[in-house]
Amino acid sequence: MERTIEDRQIVQLIQDGHSEAYGDLVRSYHKKVLGYCLSMLNNRTDAEEAAQDIFVKAYQALARFKGDSSFSTWLYRITANHCLDILRKRNRRKTVSWDALVEKEGERMHALVSANDPGASRLEDRQMADRILSTLTEDHRTVLTLREQDGLEYQEIAEILNCSLDAVKGRLARARKQVQERLAQVLESGNPRNAEG
Amino acid sequence: MTHEEIQLKMFALCEGPLTAKERTLVERHLGECEDCREALAGWKEAAPLLFPRISVSESQEDRFVASVMARVGATQEPVGSFGSSLRWALPLLGTAALALWMLATLAPPQTVTPANATVENFLAGDSPEVLGTNWSNVPGTHPGFQTVSLSSSGR
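Same order as they appear, the protein sequences are chains A and B.
To convert, count from 1 in the first sequence and add 16; that's this note's numbering.
Under this note's numbering, the residue at position 87 of the second sequence is numbered 71, and the numbers go up by one with no gaps.
Take these hints with a grain of salt, some might be off.
[As the list claims (entries may be wrong)] Here are some, though not all, of the chain B residues that point toward chain A, as calculated from beta-carbon distances under 8 Å:
hint : residue
1    : F(-5)
2    : A25
3    : G26
4    : A31
5    : L34
6    : F35
7    : I38
8    : V40
9    : R55
[Said to hold, decoys possible] Straight-line distance between alpha carbons at most 30 Å, and here's what the computed DSSO-like set of lysine-lysine pairs gives:
hint : chain 1 : residue 1 : chain 2 : residue 2
10   : B       : K28       : A       : K48
11   : A       : K48       : A       : K73
12   : A       : K48       : A       : K193
13   : A       : K47       : B       : K28
14   : B       : K28       : A       : K193
15   : A       : K48       : A       : K82
16   : B       : K28       : B       : K5
17   : A       : K47       : A       : K105
18   : A       : K193      : A       : K47
19   : A       : K47       : A       : K73
20   : A       : K47       : B       : K5
21   : A       : K82       : A       : K47
Honestly, the hints are just simulated from the structure, not real lab data.
None of these values were measured; they are calculated from a predicted model.
C-beta atoms are modelled at their ideal positions from N, C-alpha and C, and glycine is treated no differently.
Please model the entire structure based on the sequences and the hints provided.
Below you can see the structure in the form of structure tokens.
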């Protein structure tokens, strides 16, 4: 709540012409926005660039911010929409199917989820986790990221996504179930390459 | 509540937004259902791997803020200025001004001649537009008008 009041005061300052105050908002939300972008876009460079674009876009739209929601919710809406735009542009070029991923990366995925590969670096783990997430639908990925990456409350997620609290519960549960099923599928199938050989 | 319905709500059990009745039902189900308990525990293990906390050093943050503020500074107007907030209306206002100018310039002059207007009435100062007006009493009336009026009456 304190953060919300402080944000409103800063927004008012900026709307009154003190644009330098925007730096405080950027500093406050940098990590959250970057974390969200990184989780959605799977690439640090793309995420940094997207986060910058989001903050510039938010600044340019700040004159239209009326305070109906908190600044945080408003900023997350811009962030979620921006990342979805990027993902849709990417998906027009390439769609990752779960079956294709298991076929191609089954061995590494099995090593990851069964923790049988102590030599695997954190970077490789991260890439593999990203690939699993990349097979989720946009809705599922968005809601999971808002909850798990940014730790937002269900109510705030509902406001950001403009849906009901029950819809958030349902989407989150289905997304988690989907991820768990895929992890279990990898564990059960073992090494697809070896199985085929 | 069915097993499927419970699965949709069991994560909310750990994260807050359940009614007291839902909470009781989910807790009871979790006590009895090993599959659901495993699913909940499995997710708690998988989540940190799928969504690791990112680390950002102070210098990285400073650079990021500086980059954003440089781009913000390059925008033409402060966010709350009149020009920025009403920029969308400028093309509309321009078009409206052009349309008014064209109407004023190109439209032929129109003379409204009421049916009962006569030269005599006009010269007597009682045309329909001025009926009931004693022009000699109107402050600021141009003296020339009174002259014309008087000379006309005398005719």
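Quick rundown of the hints versus the structure:
Look at F(-5) of chain B: its Cβ gets to within about 6 Å of chain A, closer than 8 Å, so that hint holds up. Interface hint status for A25 of chain B: violated, as the beta-carbon distance to the closest one in chain A is roughly 11 Å, over 8 Å. Annotation: interface hint on G26 of chain B holds; nearest CB of chain A at approximately 6 Å, less than 8 Å. Hint status for A31 of chain B: holds, given a least beta-carbon distance of 5 Å to chain A, under 8 Å.
With 8 Å as the threshold, the beta carbon of L34 of chain B comes within range of chain A, its nearest partner Cβ sitting at about 5 Å, so the hint holds. The beta carbon of F35 of chain B is positioned within 8 Å of a beta carbon in chain A (closest approach about 4 Å), and the interface hint is therefore held. Interface hint status for I38 of chain B: upheld, as the beta-carbon distance to the closest one in chain A is roughly 5 Å, under 8 Å. Here the hint on V40 of chain B is kept, as its CB sits about 5 Å from the closest CB of chain A, short of 8 Å.
Hint on R55 of chain B holds. Least Cβ distance to chain A is approximately 5 Å, under the 8 Å limit. The hinted pair formed by K28 of chain B and K48 of chain A meets the criterion: a straight-line CA distance of about 21 Å does not exceed 30 Å. At roughly 16 Å between alpha-carbon atoms, K48 of chain A and K73 of chain A fall within 30 Å of each other, so this suggested pair holds. Distance restraint check for K48 of chain A and K193 of chain A: the Cα-Cα separation of roughly 25 Å lies within the 30 Å cut-off, and the hinted pair is therefore satisfied.
For the suggested pair K47 of chain A and K28 of chain B, the alpha carbons sit about 23 Å apart, so the restraint of at most 30 Å is met. Between K28 of chain B and K193 of chain A, the direct Cα distance comes to roughly 12 Å. Compliance with the 30 Å bound is thereby established for this hinted pair. For the suggested pair K48 of chain A and K82 of chain A, the alpha carbons sit about 22 Å apart, so the restraint of at most 30 Å is met. Under the criterion of a C-alpha separation no larger than 30 Å, the hint pairing K28 of chain B with K5 of chain B is consistent with the structure, at around 24 Å.
Of the pairs offered as hints, the one joining K47 of chain A and K105 of chain A holds, with about 24 Å between alpha carbons and a cut-off of 30 Å not exceeded. Between K193 of chain A and K47 of chain A the CA atoms are separated by roughly 28 Å; this keeps the pair inside 30 Å, and the hint holds. The straight-line distance between the Cα atoms of K47 of chain A and K73 of chain A is roughly 17 Å, inside the 30 Å bound, and the hint therefore holds. Of the supplied pair hints, the one linking K47 of chain A and K5 of chain B is violated, its CA atoms being roughly 37 Å apart against a limit of 30 Å.
With a C-alpha separation of about 24 Å, the suggested pairing of K82 of chain A with K47 of chain A holds against the 30 Å cut-off.
In the structure shown, a violation is registered for the earlier hints numbered 2 and 20, in ascending order.
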